[in-house]
Amino acid sequence: MLKQSIRTSLTNNKPLAYIIAVSFLLFSMMVGISIGSVSVPFLTLFQILGKEVFHLPIAAQPDTMFTNIVMNIRLPRVLLAGLVGASLAIAGAAFQGLLRNPLADPYTLGVSSGASVGAVATIFLGISIPVLGNFTLPILSVVFSIITIFCVLFFAKKMDRSMKVETIILTGIIFSSFLSAFISLMIALTGEELRQIIGWLMGSVSMRGWSYIVIILPFFVIGSLTLMMNTQELNAMTFGENRAKHLGVNVQRRKLTILIAGSVLTGAAVAVSGTIGFVGLVIPHIIRQIWGPDHKHLLPLSLLIGSGFLILADLVARMVISPSELPIGVITSLIGAPAFALILLKRRRQGER
Amino acid sequence: MLEVTGLSGGYYNHPVLDSVSFTVNKGELFGVLGPNGSGKTTLLSMLSGVLAYEAGTIKIKGKSLKEYSAKQLAQVIAVLPQHSSLAFSYTVKETVSLGRYAHQKGLFHSWSDEDEAVVQKVMEQTGVADFSDYQFEQLSGGERQRVLLAQALAQEPEILFLDEPTNHLDLSYQKGLLDLMKKMAAEYELTVIAIFHDLNLAGLYCDRLMLLEKGQVRVNDIPNEVLKQERIQQVYRTEIEKHPHPAIPRPQMFIVPNQHVSEKEACMINEQFLTVSDEMVQLHAPIPLRTMSSGVTGSGTGWHQTFVNRHVSHTYSCENHVEEMTDYLRSYGFEPSETVGMMTAVFLEAVSYRFLQGENFSIFVVVTAGVGNAVDASLADQHSDAPRPGTINTWVFINGHVAEEAFIHSIVTATEAKVKALHELGVKDPVTNTWATGTSTDSILIAATQRGERLQYAGTITPLGKLISRGVYDCTVEAIERNERVKRT
Chain Z
456 MLKQSIRTSL TNNKPLAYII AVSFLLFSMM VGISIGSVSV PFLTLFQILG
506 KEVFHLPIAA QPDTMFTNIV MNIRLPRVLL AGLVGASLAI AGAAFQGLLR
556 NPLADPYTLG VSSGASVGAV ATIFLGISIP VLGNFTLPIL SVVFSIITIF
606 CVLFFAKKMD RSMKVETIIL TGIIFSSFLS AFISLMIALT GEELRQIIGW
656 LMGSVSMRGW SYIVIILPFF VIGSLTLMMN TQELNAMTFG ENRAKHLGVN
706 VQRRKLTILI AGSVLTGAAV AVSGTIGFVG LVIPHIIRQI WGPDHKHLLP
756 LSLLIGSGFL ILADLVARMV ISPSELPIGV ITSLIGAPAF ALILLKRRRQ
806 GER
Chain B
18 MLEVTGLSGG YYNHPVLDSV SFTVNKGELF GVLGPNGSGK TTLLSMLSGV
68 LAYEAGTIKI KGKSLKEYSA KQLAQVIAVL PQHSSLAFSY TVKETVSLGR
118 YAHQKGLFHS WSDEDEAVVQ KVMEQTGVAD FSDYQFEQLS GGERQRVLLA
168 QALAQEPEIL FLDEPTNHLD LSYQKGLLDL MKKMAAEYEL TVIAIFHDLN
218 LAGLYCDRLM LLEKGQVRVN DIPNEVLKQE RIQQVYRTEI EKHPHPAIPR
268 PQMFIVPNQH VSEKEACMIN EQFLTVSDEM VQLHAPIPLR TMSSGVTGSG
318 TGWHQTFVNR HVSHTYSCEN HVEEMTDYLR SYGFEPSETV GMMTAVFLEA
368 VSYRFLQGEN FSIFVVVTAG VGNAVDASLA DQHSDAPRPG TINTWVFING
418 HVAEEAFIHS IVTATEAKVK ALHELGVKDP VTNTWATGTS TDSILIAATQ
468 RGERLQYAGT ITPLGKLISR GVYDCTVEAI ERNERVKRT
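In the order they appear, the protein sequences are chains Z and B.
Residues 456 to 808 in this note's numbering are what the first sequence lists, from first letter to last.
Residues 18 to 506 in this note's numbering are what the second sequence lists, from first letter to last.
Simulated from the structure, these hints should not be mistaken for lab results.
A couple of the hints might just be wrong.
[Stated by the list, open to error] Think about it this way: if two alpha-carbon atoms lie no more than 30 Å apart in a straight line, the pair counts; the simulated BS3-like pairs of lysine-lysine are:
(1) Lys259(B) with Lys231(B)
(2) Lys619(Z) with Lys110(B)
(3) Lys88(B) with Lys469(Z)
(4) Lys83(B) with Lys613(Z)
[Claimed, not checked] Short derived list, chain Z residues pointing at chain B, Cβ under 7 Å:
(5) Pro512
(6) Ala515
(7) Gln516
(8) Arg698
(9) Leu702
(10) Gln707
(11) Asp749
All C-beta atoms, glycine included, are put in the ideal place defined by N, C-alpha and C.
Build out the structure end to end from the sequences listed, making use of the hints.
The structure is reproduced here in structure tokens:
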């Protein structure tokens, strides 16, 4: 009962939740930018950010090397990690609500597999579309992810005209397996690009620069805003689709909107960083445990915390065996899988009580 | 308010409803009945816009259901689901607040003061305000149901659909929920359309009932008309008995369990079960008998196994004679609730009993009679209210299956035979000096085994009536004569 009261007081204190989430994100960003093979002191960091980003009239002249590191390497990297983490977490929260399954995540529907096929095919076949140049891979992978979600929805509709969530989950899993087979096939057939493909598959946000932020940003803004506009619908839909309809939700249209928005977010994240697991699964789960399942707060809080979490994960990935780097997906899985197992165990114990 | 014409449809190629038509008026409590698979839930799904229909029209407030958007519909119609599973644990307040969805405006659904006021009001109405911060999962089944009701009422609907609302609820919650529905219907003109499995609750609360059978409307009328014994037996293919509610003018149905073979074997009540002592005449039947009686205990209709006619002195007078009788019975090891108890000041050795055999049935009559207190019923107003001793107690045991009306016939017939017996013996009312028709404290018991021959009537010229007339007449005459003899000695 004590736990209950703690939970209740936290649930009811929403401003505090946002203060904590925003502080966590800002802290992660500062740490993420400051720490590295070359450490940037906090004071210098603030001077650089103030001068370069906010164009404040600051008298101090920070070291140009620091300025270069911050503006061209660390800041874009941290921002990219933040955007990817935010996208995956908010999409995960939305999918879990929509599919009424706390174990669902952006990868359940085959979206990430689709994006991966696009990316791996680009590397394997050495595709380079002249107009897109270096953007060939991310753009193709977003395109593939969107094609995949439409295929999944098309087949789900063929199977069951009312498109029950169970049907969608099943179709997603089938597609996911099918596409994974393609990826395995390409890996098996590949020669010298093997390391590149594996590296991409394990996920990384290193050496991407500002251009990748430009790619993900529009998808992120549109996707997140769309999901934020559907928080009440998501709440209603956790009571079941018929109940949502009784409450006045246009279920078919909202379901499609949420699915597409979540897929676009996931697709864009996978396209710029490869497959990074467990963020979309664990972050919404933790938020729900602490601040309750109301999507009106769950989505924005997941976005903020997910963003900060991936920045820290990236920091760990590049610091552990410095100067060499681990793939970020390895870190998220190493942290996420045990965390998730713990959560499941706790839930089971609560269920037994 | 709601007008349905020629509604047909179902799931895929499996038609469930076949041309269903009915109307429901504003403020009405409308019950939908029918056996499993008769299309009740399908009908409700179509009416609430969840399931598409193939033919016919549904008009709500004069406008076709198809012209409503999801939100518009939710402002008019709310549904209380049968059960609700939740993937995540919302608080009660959050759950109820979702009911305001249809009324919220803007892209981000801002929460207005009006929304808050409505949510508070419905939480008070349904009695869930006290646990508004609890998790939905922590609540009991009855509390969850009330939370979902609050959610539905937060929609401020004009029509409320209930899908078997009393499932999983204990008695007090069932009554609470339906009483609230009735109140809302009366006070706010809320139209309530409810599916019922429990015919008795439906009969108790609904203004009108519609009975569905195989996707068609079998009947749509007031409860007393719909809940006819033969009709319900046919539609539900099960044996039931209809009986009026003891307190309010509503019909009630009772299912009759299949009886074990031994429970159907004929049973013969005769003198072998009768014991007579100075203190009491006692009959202990091998099975409980269906009774209609005016005894001190076990009066009215019921089932009783033991019958006691107790001797009390002429001066017996007790403020609370029912309680005294109950204690008396208990002190002799009888269970008062299973015993019909009567009293008489007559000496019990003067008892007269007789077994009469009819065709396929028989009766056993037991009479104790004293006429010191004889009264002419037509001049009864000349008597003072104080009862005086001297009583005719008549017991008629019928070895047969007696219909409700035959019980009443039996009482009339037995009474007529008694009057004739008094007349034959020249018994006079000592106050008016006219022919007496009975005594002021006469009691009667009709008890039947309810096994064997079915006996629908017991008027004086029916086979059963003839037997009762003869038996009661002979026994009464004999009992009075014996009593006179005993008194003289």
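We went through each hint and held it up to the structure:
Our distance criterion of 30 Å between C-alpha atoms is met by lysine 259(B) and lysine 231(B), whose separation comes to about 23 Å. Among the hinted pairs, lysine 619(Z) with lysine 110(B) is consistent with the structure: their alpha-carbon atoms are about 28 Å apart, no more than 30 Å. A distance of roughly 28 Å separates the Cα atoms of lysine 88(B) and lysine 469(Z); the hinted pair therefore holds under the 30 Å criterion. Taking the CA atoms of lysine 83(B) and lysine 613(Z), the gap is about 24 Å. The hint holds against a cut of 30 Å.
Nearest Cβ of chain B to the Cβ of proline 512(Z): about 38 Å, over the 7 Å cut. The hint is violated. The interface hint given for alanine 515(Z) is violated, since its Cβ lies 42 Å from the closest Cβ of chain B, which is over the 7 Å cut-off. The interface hint given for glutamine 516(Z) is violated, since its Cβ lies 45 Å from the closest Cβ of chain B, which is over the 7 Å cut-off. Taking 7 Å as the C-beta contact cut-off toward chain B, the hint placing arginine 698(Z) at the interface holds, the least distance being around 6 Å.
Of the supplied interface hints, the one on leucine 702(Z) holds, with its beta-carbon coming within about 5 Å of a beta-carbon of chain B, less than 7 Å. Proximity of glutamine 707(Z) to chain B is violated relative to the hint, the smallest CB-CB distance being about 9 Å (cut-off 7 Å). For aspartate 749(Z), the interface hint holds, the least distance from its beta-carbon to any beta-carbon of chain B being 6 Å, beneath 7 Å.
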